[in-house]
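Once you have looked at the hints, place chain B with the ligand on chain A.
Residue numbers (the working numbering), protein chains in the order written: chain A, 1071 to 1468; chain B, 697 to 1189.
Check each hint, because a few of them may be wrong.
[Said to hold, decoys possible] Below are the DSBU-like pairs computed for lysine-lysine, each with C-alpha atoms no more than 35 Å apart in a straight line:
#1 B:K1028 - A:K1216
#2 B:K959 - A:K1216
#3 A:K1216 - B:K1108
Since the hints were derived computationally from the structure, they do not count as laboratory data.
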Amino acid sequence: MAALNPADAHEVRAIVGEAMAAGATLAVEGGGSKRGLGRPVAATHTLSLVRLDGIIDYAPSELVLTARAGTALSVIEALLAQHGQHLAFEPPDTSAQLGPGAPTLGGLVACNLAGPRRLRAGACRDHVLGIEAVTGFAEIVKAGGKVVKNVTGYDLPKLFAGSFGTLGVMTAITMKVLPRPEKTRTVLVFGLDGAAAGSLMIELARGPLDVSALAYVPRAVAARSAVGYVAGAGSSVLAARLEGPPRSVLARTEAARARLGAHAPVEELHGHNSAALWREIGFGALLAAPASRPVWRLGVPPADGAAALRALEQAGAEGYLDAAGGTLWAAAEEPVPVHDLAARHGGTAMLVRAPAEARARMPVFAPQAPALAALERRVKQAFDPKGVFEPGRRVEGV
Amino acid sequence: MPAPDLAVLARRAALVARLRSLVPGEGVIADEVGLRAYDCDGLTAYRQVPLAVVLPERTEQVSAVLRFCQSEGVKVVPRGAGTGLSGGALPLTDGIVLGLGKFNRILEVDAANRCAVVQPGVTNLSVSQAAAPHGLYYAPDPSSQIACTIGGNVAENSGGVHCLKYGVTATNLLGVELVLMDGTVVRLGGKAGDAGGYDLLGVVTGSEGLLGVVTEATVRLLPAPATARALLLGFTTSADAARCVAAVIAAGIVPAGMEMMDKPAIDATEAFCHPGYPMDAGAILIVELDGHAVEVDELVERVATIARDGGATTVRASADEDERLLFWKGRKSAFPAVGRITPDYLCMDGTIPRARVAEVLERMTALAAARGLRVANVFHAGDGNLHPLILYDANEPGQLEAAEALGADILKLCVEVGGVLTGEHGVGIEKRDLMGTMFSDADLAQQQRLKCAFDPDGLANPGKVFPTLHRCAELGRMHVHEGQLKFAHLPRF
Ligand SMILES: Cc1cc2nc3c(=O)[nH]c(=O)nc-3n(C[C@H](O)[C@H](O)[C@H](O)COP(=O)(O)OP(=O)(O)OC[C@H]3O[C@@H](n4cnc5c(N)ncnc54)[C@H](O)[C@@H]3O)c2cc1C
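So that you can see chain A by itself, here it is in the shape it has in the complex (with noise of 0.2 Å):
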């Protein structure tokens, strides 16, 4: 299977068009980092996007910056930071899951995945502001912009977030960027059952402090943390994040302290062991072994977060709470009804980390109601007609 290497959108339109003539199929790649995300694709030839490379446009005061699709995402990272900014949405290191691979900006657009902050500063989505792309009907087309706020034409680059390439192949992206917060605490809480975790954080979520993050682990759960405090613990911990400006910060973590320890034992993370300890929880590495274990994400309506959380664990699986209980995440042998039991609390759940063989053989993603299902395939074909892109990443057969 010949590597496909194109330097532009052009090269990117050629092929896509020989690929539609000749009857091939493209898996889609930046960094390889989230190959093992969705189902497996059964593609006869892999585009690669790595040397469609290179920041095109940066204005800090503009909150804005546009890339090149196969942008690795440590390059914008590295350069958002020279200028106190960020993805605020806080794209998660998935590597403990699926993985090494260098993340490319395209990748993680595709998959639209996001980190803790989500909870305070929305998805991926929400920050994709433009996009250029190549549809399957072999056309360069762009929709969005480059600015913060616009509503010229449909909101493609939302449609292409979370696709996993099954629409075309984004060759740009323009991204809506934030400072990044001065100063950052997170206050852990010791020893609190689900059902009061599951309260705590539903107060929290709603009251004046401004959690940047709120998530709940169970203790042999919090016991494989790397992070000292928590590990040690010997017992659950909730942890509350609170980020801005630091006098606010100080009055803040003041003000958390004195509610979570009228009940509780409560230790404060700094730095290091705060940025740590977030980025274990932000995709699940807390559960990653041992590694022949599938590992799940469910995404809940927030108050319902503990009660799944037990159901599950009733059901054998283990797991923890993130984004204030919206997210679960979950390690649970077959047959745990992983589908079923996100369904009964009013959620869903993708299948995020299992061989290959058992990704083609479980469902990976929820079940859909047959009317969106079958507006969904009219989508696809509204893009990929010929059916070229990522072929079985999302649905079999598709």
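Then chain B with the ligand, alone, in the frame of chain A:
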């Protein structure tokens, strides 16, 4: 607009009778006087009486009406409160207006999940009012919020003065129930995140009624900020004010709102409601900071310092809630205030890079002068979203045409400097024919292919947004590019 379907017009009486059977009672308006009330939206320069107005009360009725219209080839124009400024709800002579006014209930305020489930005809403001007892609110706050509906907000992806920090409708929308033209009901998103699947919620938001009818929405509620303070900043010129905006952002501060008014807008509002704006200023900024009290006080100080360093001639920080509201009073009445000094005005809505604001304001003044007109500016400076108000008199022959031509000049200028045609009001019919300045034929064809996936017969609000209508079959046909783009140096399949 698309040429009227004469066959539909000829069958009007029979169609109305069938619609009455689908939505009994007062649900169908077909008399001349009744129809007049629906002949335009907020873009009042364009008027058209529809075939009929249908006012369903339940999703099943919407579904039945749409299915019927699809089978009869009747066009459908959804309508909320009719405050839209781009003609999105402008009726078609051979189409029905589907009014969502009777979908006016807040179904649930779910405080624990920080969201509300509402019907589309609910007004924007009433959502925040219902959430207030729980210490929550709905962040997008268009100036029209007492009147405009959530359905209209979803369809236009509306913003407001606070969307700089809290985002537009799309950021604050969790789910919708959508009825397609064939009557199918789908639910997109909901109280839980990460539903997987394509982000169809994302494309329905801002789709201007061209993809289907929203019959329910789940919106995110945010905790009411502990404190809010505003700064009133005066500058000698708009250019100074614009530089201050960029400096605040560059300093890492994203205020809750950052609004600008130029001299003509200041004069009009001061005369209208006396908010106490500095009369020696060529431009003012209102900068609001919200959050924890300690944070707000710190940021107010920092912004004040940036403003002074940038040559501000007035720097006033609100000492209490009354003063904060007074600062906002003028901004909030700017539209009616401008309405007092001119018989008519057109409100434009481009977004540009912040760095180009000063230059664009200057060039805009020149463009206006060239057409013999004046412009007042009151806008969301923080996100570069301009709202030039073009002052004109419709009774003076040629002035409406001149005002529209100036509007087009201004929007082309926005695109030229790297901006877009519309930041929050939508394309509608107003900017439809300018779409080609921003998008290529291929871009627009692809957008229309997406519409075809939702509405294969092109009956949902046709004639809006897209300058040229294509049949779906034509758009879907495989075409010339295939296999004709061979680059010799690329590996072969
Ligand atoms: C004085 C004034 C100030 C304004 N200020 C702002 C502002 O600050 N920010 C801003 O963004 N806008 C502003 N607007 C514009 C306008 O209020 C918004 O666009 C608003 O969202 C329109 O809501 P509506 O209910 O009036 O919708 P309508 O005008 O009735 O319809 C707007 C569009 O939505 C479609 N639509 C309506 N309901 C549905 C539905 N249920 N399903 C599918 N499609 C539907 C219609 O077909 C149409 O295309 C202002 C308007 C005025 C008159």
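Problem - Violations among the numbered hints - result: Structure breaks no hint.
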